[in-house]
Amino acid sequence: MIFFRRFIASILCVTVLNLSSPLVAQAGVIGTLQAVESQHRTADLATVNSALARDQVRAQLGAMGVDATHVDSRVAAMTDAELRSLAGEIENLPAGADALAVIGIVFLVLLILEAVGVLDIFKSFP
Amino acid sequence: MKLAAHAACAIGWLWLAGCTASGPRQEAFGETDPAQVELEATPFFPQSEYQCGPAALATVLAAGAVDVTPDELVPEVYLPARRGSLQVELVAATRARGRLPYLLAPLDDVLFDELAAGRPVLVLQKLGAGPWPGWHYAVLVGYDRERQSVLLRSGTTRRLEMSVRRFLWSWQRGGRWAMLALEPGELPAGAEMDRYVDAAAGLEAVGKLDEATRAYRSASLRWPDAALPWLGLANVAYARDDLTAAQSLYEEALARDPADVAARNNHAEVLLQLGCRSAAALEIAVAQGHARGGALEAAVTETAARIAEATAPDAAACPTPARDANVVDGGARPE
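Residue numbers (our numbering), protein chains in the order written: chain X, 1 to 126; chain Y, 127 to 461.
Note that these hints are calculated values from the structure, not bench results. Keep in mind that the hints are not guaranteed to be accurate.
Interface residues of chain Y toward chain X, partial, derived using beta-carbon atoms under 8 Å [said to hold, decoys possible]:
(1) 178
(2) 215
(3) 242
(4) 263
(5) 313
(6) 324
(7) 421
(8) 425
Incomplete in silico selection of chain Y near chain X, CB under 8 Å [claimed, not checked]:
(9) 162
(10) 165
(11) 211
(12) 217
(13) 243
(14) 261
(15) 330
These figures come from a predicted structure and were not determined experimentally. Every residue gets a Cβ at the ideal spot worked out from N, C-alpha and C, and that includes glycine.
With the hints as extra help, turn the sequences into a complete structure.
What follows is the structure in structure tokens.
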């Protein structure tokens, strides 16, 4: 069973590695996105290694609970600039949806107001 | 647990929605926009716990006739360890579904212009503070100038009315991030060339060549003097191995901006591949002149080296080495 799993895992590894980079960037020509970026930004961006960023983001997504079968398609849909912006920053960038945390704040505010004496809503509970 | 979460969510939203603004009236709405807009046909997907990213994205995609549900998007945009979705992943997933993710300029009236043009807008809000930032995605579907309010598809609320002041504050704190999911070829109300071509180039970069082509083509019509849309069309042709088409499209780009380094470099590369070494050498020399000290210098130097190494004689049908836009139309594909 273990051997079988290892076998599957190694096959997956190979496929995943093959899938890793989009094939559109071809030798010789400068991509449109690269041309656009070169007009906006300074050259230092070019020194950040996109391939490295890609690997880093892939590893981070996996470590953060994204199913292995989806990691590659997610990475493949990102541009180099996006990958560079994510690499190392996934922990810190805004992640929309924390609705419950907002509720936490609402209660916190209510509690503070209660404690300060502005509100009087929790007294009705025994 | 889920029920409790939904109830808490609803209470939170009621609370947030209830605090309407009482401050001075402000004119966030565009002068020419109608007094009231509500895009009622915009679908609504109530979010599951933490999953407003997939829900909000599904809303704007489905509004643009993409057949998708939040559940299908969860594996594409949800990040379990963060219990949320990142902006970049919403952009990427939009691309993966064949739509053009257009990031709006960070201005209030731009949002309302798009609503007036009938497009729902995906926005990021920051509703909390400190350790609870409360990042939240919602979809703007309307506004009412008289009531000074906006309408959102948000969380578990189909039609959340929020004071425009409170909304704009939360949007401001969220970094003024707003995205449209456009059908490629469709232009936003206040289209800016750089933003549009940037988004189109993103489609090209991930291999969505048909979608990128449609976007570049409408950009070339909307901004007839701009070189970038033609560079994009040429690069797509090159990616499809249609060298002859690519060559004349690079000519179109260069006719609009003779100093465009990328177009000049790529034109040289294509000439080389067509077997026209002399013409390529002339082109790359010009590119090198423009590229000096710029971000593309290394790429141009590399092309120049490759051209210098080439030894094959020019193909019979090569263009005369003149850099006039109209000269090369005869086609120069070697047999």
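Hints, verified against the model:
1. The beta carbon of residue 178 of chain Y comes within 4 Å of a beta carbon in chain X, closer than 8 Å, and the hint placing it at the interface holds.
2. The criterion of a C-beta within 8 Å of any C-beta in chain X is met by residue 215 of chain Y, whose closest approach is roughly 7 Å, and the hint holds.
3. Given the 8 Å rule on beta carbons, the hint for residue 242 of chain Y is violated: about 25 Å separates it from the nearest Cβ of chain X.
4. A hinted interface residue such as residue 263 of chain Y counts as satisfied when its beta carbon comes closer than 8 Å to some beta carbon of chain X; here the least separation is about 4 Å, so the hint holds.
5. Interface restraint check for residue 313 of chain Y: the shortest CB-CB distance to chain X comes to about 17 Å, outside 8 Å, so the restraint is violated.
6. The beta carbon of residue 324 of chain Y is positioned within 8 Å of a beta carbon in chain X (closest approach about 5 Å), and the interface hint is therefore held.
7. With 8 Å as the threshold, the beta carbon of residue 421 of chain Y comes within range of chain X, its nearest partner Cβ sitting at about 4 Å, so the hint holds.
8. A distance limit of 8 Å between C-beta atoms decides the matter here; for residue 425 of chain Y the minimum to chain X is near 5 Å, and the interface restraint holds.
9. At its closest, the beta carbon of residue 162 of chain Y sits 28 Å from a beta carbon of chain X; the interface hint therefore is violated under the 8 Å criterion.
10. The beta carbon of residue 165 of chain Y comes no nearer than 21 Å to any beta carbon in chain X, farther than 8 Å, and the hint placing it at the interface is violated.
11. Look at residue 211 of chain Y: its Cβ gets to within about 6 Å of chain X, closer than 8 Å, so that hint holds up.
12. Of the supplied interface hints, the one on residue 217 of chain Y holds, with its beta-carbon coming within about 7 Å of a beta-carbon of chain X, less than 8 Å.
13. Interface hint status for residue 243 of chain Y: violated, as the beta-carbon distance to the closest one in chain X is roughly 24 Å, over 8 Å.
14. Restraint check, residue 261 of chain Y versus chain X: the minimum CB separation of about 4 Å is within 8 Å; hint holds.
15. Taking 8 Å as the C-beta contact cut-off toward chain X, the hint placing residue 330 of chain Y at the interface holds, the least distance being around 6 Å.
Against the hints set out earlier in the document, violations occur for numbers 3, 5, 9, 10, 13.
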